[in-house]
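First to last, the sequence lines map onto chains A and B. Read in order, the letters of the first sequence are residues 1 to 170 in this note's numbering. Read in order, the letters of the second sequence are residues 1 to 425 in this note's numbering.
For the record, the hints were derived by calculation from the structure and aren't laboratory data. Hints may be right or wrong, so weigh each one.
[To be verified] Computed list of lysine-lysine pairs in BS3-like fashion (alpha-carbon distance at most 25 angstroms, straight line): (1) B:K253 to A:K30; (2) A:K42 to A:K72; (3) B:K253 to A:K28; (4) B:K262 to A:K30; (5) A:K111 to B:K348; (6) B:K299 to A:K111; (7) B:K81 to B:K117; (8) B:K81 to A:K72; (9) B:K251 to B:K262; (10) B:K299 to A:K72; (11) B:K180 to B:K251; (12) B:K405 to B:K361; (13) A:K2 to B:K6; (14) B:K180 to B:K253; (15) B:K338 to A:K111; (16) B:K81 to A:K147; (17) B:K262 to A:K42; (18) B:K251 to A:K30; (19) B:K117 to B:K180; (20) A:K30 to B:K180; (21) B:K262 to A:K28; (22) B:K262 to B:K180; (23) A:K72 to A:K147; (24) A:K147 to B:K299; (25) A:K147 to B:K348; (26) B:K251 to A:K28.
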Amino acid sequence: MKWYNYVICFVLIIVGVFCGTQFYREIKAKSYINGSINITNKFSQESFNYSSTSVVFYHDLYDDTDTYSFEKDLLKVDNFNGKINTYQVILNDYILLDAEINAGSLFATVKIDFYNTTGNLVEQATMQISVLFLSNKTQLTLATTGKQNASFLEQYFADNGIRLRVIQIL
Amino acid sequence: MTNTLKVIGNCCLAFLAVIGVGVSLVYGYYHFFIRDITVGTNYIDNQIGLDIINAADLTENEKNEFEDRYFLEANFYSNSKHNGIALQELKLNYFTDYNLLSTGYRASGMQYLGDLKQEDLQLVPTTESQANRDEPSGFSYYDTTNGINWDGGKLRTQLNRESTFVISIDNQPYQIQLDKTYEWTTYSRQWYTLWIWNKPTKHIWLYTFLDVFADCMQAVRSNSAGYGDYYITVDLSEYFTIRAFEPESGKYKQDDVTDIIKTYSVLKFHYDENGARNSTQSMFNCIDCNPSYDIEDDKVDTTYWQERFVYTLTNENLDLRYSEVYGGYFVALSIDTKTMFANMPRAKVNITIDMDYGDKKIVGINYNGFENFEIDTLTINGTGTFYLLDKSLFNTQVQVIQHSKNLQLNLATDALNNNYQEVAV
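Extracted from the complex, chain B is given alone in its bound form (with noise of 0.2 angstroms):
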């Protein structure tokens, strides 16, 4: 009976073994002798958060501030003008999750100061294990989760090999890595074969970032367009592995199958023809890490309180209405005007008014003619007597009237609503 089973078990496994030839032959075959080429291509567009609504749906400002987040972004001040420094700055924006959500953005810099060309990068031989955690030596590294306050340091993202980002990919999340190398070998002649046999010796270039910057700022110097901010696509297949993440496993995954796997990313750019002169032209808001760089060294002493936008409004902006009992036409500003006034806050308007307009005779301000929006000061040039109709100028909180001597302000009881300074001049 045992050996019965034993037979049995051995013709199993020597079946199963058999199947297994037979397999790894097919395998073989088809692998080697069968098989197509397969191609995969992902894109990369625009890293905006699934929680972001539709562009539609935006404000021209919310548009400014949302629309625009690509997953390489390069400013190149190129210092062609001699008049600055030579800036080069790439931005990478990416995810610190799968759910891909604005809560969970994220970006991290490197900065040049300098012109740093493909001919400069030099063959430094290193480890394996330096060339994946080491960051490029000669930059400044930032990072950001809000976009606007940037920080360097040892507890930003590191840019080396090892590091992975989340990107969006039609808006399902993938993984990032610069990982990828560049092999190729070397022959040499050997004394003890009789110079007949050549012994390869093989090199391996393990990519780091310092690659991917000296090859954007080589596509934004040479992008057709010129100076200016433009968009272009740049090819990173041969930097970046894209993994995608599975939902049911809730792990990246590699793709170890497709031949060719080919990964476009858009690359929007500032390229100036002027060199860099102060840190607010940094994406990072920073020069060497500082956030006061500048290099005048006799800067002017900036500080204020408030600004306020100037206006000065004459006959040209005013709306005219003639009266018979006056003999003459009252000026007024129309509803729209007002409001616009009204809604701008900080604008100081000045208003000058000239009695004396071509063939025509203004004689005062008409009725609500100005109410309801600041005014700085009112000039008025003429002679006679200039009247100021019921809340012509209410609610206008006009500081300084200002008129020529021989005219006298005949003002309505409820003309204005506040006190001012009367000038003659």
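One chain only, chain A, in its complex shape (with noise of 0.2 angstroms):
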């Protein structure tokens, strides 16, 4: 054979293997699936729990009441009737007392009051807790009066972050 041949073979050869064992992967190769995604319980939620590392107030330049709010809409809540359970309201680790409960909504008032170094008191902040269970929603809204009164409030959750709980008593 002249030299040219035996180059031929081996080049050949090569493609054959290389087809070989594309032919084999390709075979073998199925539809697969790999992991799954589950956010169906990401939709709603069976207890009210709201957690966040900050609230920042908003205050409305055409409102005249001084208010400053914090709205968020939320994940609605299942199973909240408070015409028949009974609940209970933790902010912060802080069960908020004379919570008013009703069928499908509840208000809490807030008082924090804030002191110096020297232990004087500085802030005496109160703040409205407001949450609307609706039936695609849950609306909660945070308000106090007054700049002062809202930036300690503010400076307070971002120090510690905002827990806030609506738990059943059973």
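Both chains are given apart, each in its own frame, so use the hints to dock them into the complex.
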């Protein structure tokens, strides 16, 4: 055989090996599924639970009541019924007494005193909490009066975060 | 002998070459005429470390911290109310190695001040190496390992086409890389062919994180739920390549056999009608690489040492016990309420007691009535004698007992165990 015949043979063998390998891989190839996604439980929650690392109060320029508010639309809560069940409202591990709980809403007031490094009271902030349990979402509103109050509350939530829970007492 | 061996060798070679041709033909026929379509689907769900215990075993606080860690997270302040600045952020949660443990958590993110839309993206001619290496300009970039402290600068993970990230799919390690392209061809007629032949020009668009960012923001903008905190599933097939980790070889292997590979990922987002006001609203606790960013000029000085949650208890919150000996009712708190306050050390409890409570006459505080939790101010309104029975204010550290002028306190010996200030008003 001539030298180029050897070259041709080697090339054909290499091509054959390559094609054979590919042929084997393609024949063995199957459709597959890796993992799964389940976010069905992310469209509603069994009980109200909101947590965040900060709260920022906004003031409407056209509002002359000096109200600063934080509003948030959250996932709907499936089984809230203030008419039948008893609930406890907890803000950052503090149980809020005297919360007004209605059929599909709750209102509570929080008072926080702030002391400076010499132990003197520097600010007394009052914050209204409102949670409306609607059919398609839950509306959370935190409101306070005055920029000073809002600023201290923002600082408190920036330092401690916010964890607001509504727990059914069984 | 030598010739015989040579002939045998040549025959074998020719035989193998014939087999090679045969295999090639069979393969070609199969590949082009018989082959069926295979589809691979990758679902990128929660990126929780394998060492994190089951959600059922977590406390509520732990759930908040550990449960939600999706590959893509977006934060979008649209500033529709014109009360801040428009802010868009995208964060990628991934692992640093194939062990998929929480110790290997890492996240990188990019931030845009403004409202970037897909139509704002412009084709910029660039070299392939530049497109692979460079990060989109006009963004701030951040990096973290613990999700709390973020940093920018050159030492962070670069969000470019060369970066690979380890993610978890079905608790197995995979590598994901933004390396796909979009290719198209344009045709222009040539005068020298008398405008008969159209000369094709091939264009390649190398996707960057700018495209992913703009698409994610568009997905958030167009979500059906509107403003709020929600989850959607986005299709990343056009951008990212997924490679499975093979433990035997220790390599990430790309799937080059499957015809169509689809990659879906959960995108967790916060979409806000407001504008961003300060850096606490950023996923990176920074806006424009400034952790103190605030649009307010005249900020209130909010430095303080300690906060106290104020509770004001009145007759409605108290339990009553009638005493025939004293001819009236003694008040007390239930054991549950006392325990509750004892477990809230920063609670500042003020108690106001009205001696005239409807048709009931309150005459004092019961044995152990308010013991073992801290009271700031006790106020008693009424006339006559008010009795504080044994240990009624024991271990309360009551600071001030305030009462009406015409009221006399009658304290049992062990009613309380601290000094207090008595104020008659």
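Hints, one by one, checked against the model:
1. Using a Cα cut-off of 25 angstroms, the hinted pair K253 (chain B) and K30 (chain A) holds, with the two alpha carbons roughly 16 angstroms apart.
2. Proposed proximity of K42 (chain A) and K72 (chain A) is supported: the alpha carbons are some 16 angstroms apart, at most 25 angstroms.
3. Under the criterion of a C-alpha separation no larger than 25 angstroms, the hint pairing K253 (chain B) with K28 (chain A) is consistent with the structure, at around 17 angstroms.
4. A distance of roughly 14 angstroms separates the Cα atoms of K262 (chain B) and K30 (chain A); the hinted pair therefore holds under the 25 angstroms criterion.
5. With a C-alpha separation of about 10 angstroms, the suggested pairing of K111 (chain A) with K348 (chain B) holds against the 25 angstroms cut-off.
6. Annotation: proposed proximity of K299 (chain B) to K111 (chain A) holds, straight-line Cα distance about 22 angstroms (limit 25 angstroms).
7. Using a Cα cut-off of 25 angstroms, the hinted pair K81 (chain B) and K117 (chain B) holds, with the two alpha carbons roughly 19 angstroms apart.
8. Distance hint between K81 (chain B) and K72 (chain A) is fulfilled; the C-alpha atoms sit about 14 angstroms from each other, no more than 25 angstroms.
9. Pair hint K251 (chain B) plus K262 (chain B) holds up; C-alpha atoms about 21 angstroms apart against a cutoff of 25 angstroms.
10. For the given pair, K299 (chain B) sits about 24 angstroms from K72 (chain A) by alpha-carbon distance, which is consistent with the 25 angstroms threshold.
11. Restraint check: the Cα-Cα separation between K180 (chain B) and K251 (chain B) comes to about 21 angstroms, which is no more than 25 angstroms; the hinted pair holds.
12. Proposed proximity of K405 (chain B) and K361 (chain B) is supported: the alpha carbons are some 18 angstroms apart, at most 25 angstroms.
13. Distance restraint check for K2 (chain A) and K6 (chain B): the Cα-Cα separation of roughly 13 angstroms lies within the 25 angstroms cut-off, and the hinted pair is therefore satisfied.
14. Between K180 (chain B) and K253 (chain B) the alpha-carbon distance is near 16 angstroms, which keeps this suggested pair within the 25 angstroms criterion.
15. Taken as a hint, the K338 (chain B) and K111 (chain A) pair is honoured in the structure, with Cα atoms around 19 angstroms apart against an allowance of 25 angstroms.
16. This hinted pair checks out: K81 (chain B) and K147 (chain A) have alpha carbons roughly 19 angstroms apart, not beyond 25 angstroms.
17. At most 25 angstroms may separate the alpha-carbon atoms for a hinted pair to count; K262 (chain B) and K42 (chain A) meet this at roughly 23 angstroms.
18. Between K251 (chain B) and K30 (chain A) the alpha-carbon distance is near 21 angstroms, which keeps this suggested pair within the 25 angstroms criterion.
19. Simply put, K117 (chain B) and K180 (chain B) have alpha-carbon atoms about 21 angstroms apart, close enough for the 25 angstroms limit, and the pair holds.
20. Only pairs whose Cα atoms come within 25 angstroms are accepted, and K30 (chain A) paired with K180 (chain B) is accepted, the gap being roughly 23 angstroms.
21. A C-alpha spacing of about 19 angstroms is found between K262 (chain B) and K28 (chain A), which places the hinted pair at or below 25 angstroms, so the restraint holds.
22. For the hint linking K262 (chain B) to K180 (chain B), the alpha-carbon distance of about 13 angstroms falls within 25 angstroms, and the restraint holds.
23. Proximity of K72 (chain A) to K147 (chain A) is assessed by CA-CA distance (about 20 angstroms); at most 25 angstroms being required, the pair is judged to hold.
24. Taking the CA atoms of K147 (chain A) and K299 (chain B), the gap is near 9 angstroms; set against the 25 angstroms cutoff, the hint holds.
25. Using a Cα cut-off of 25 angstroms, the hinted pair K147 (chain A) and K348 (chain B) holds, with the two alpha carbons roughly 24 angstroms apart.
26. A threshold of 25 angstroms between alpha carbons decides the hint, and for K251 (chain B) with K28 (chain A) the separation of about 21 angstroms falls inside it, so the pair holds.
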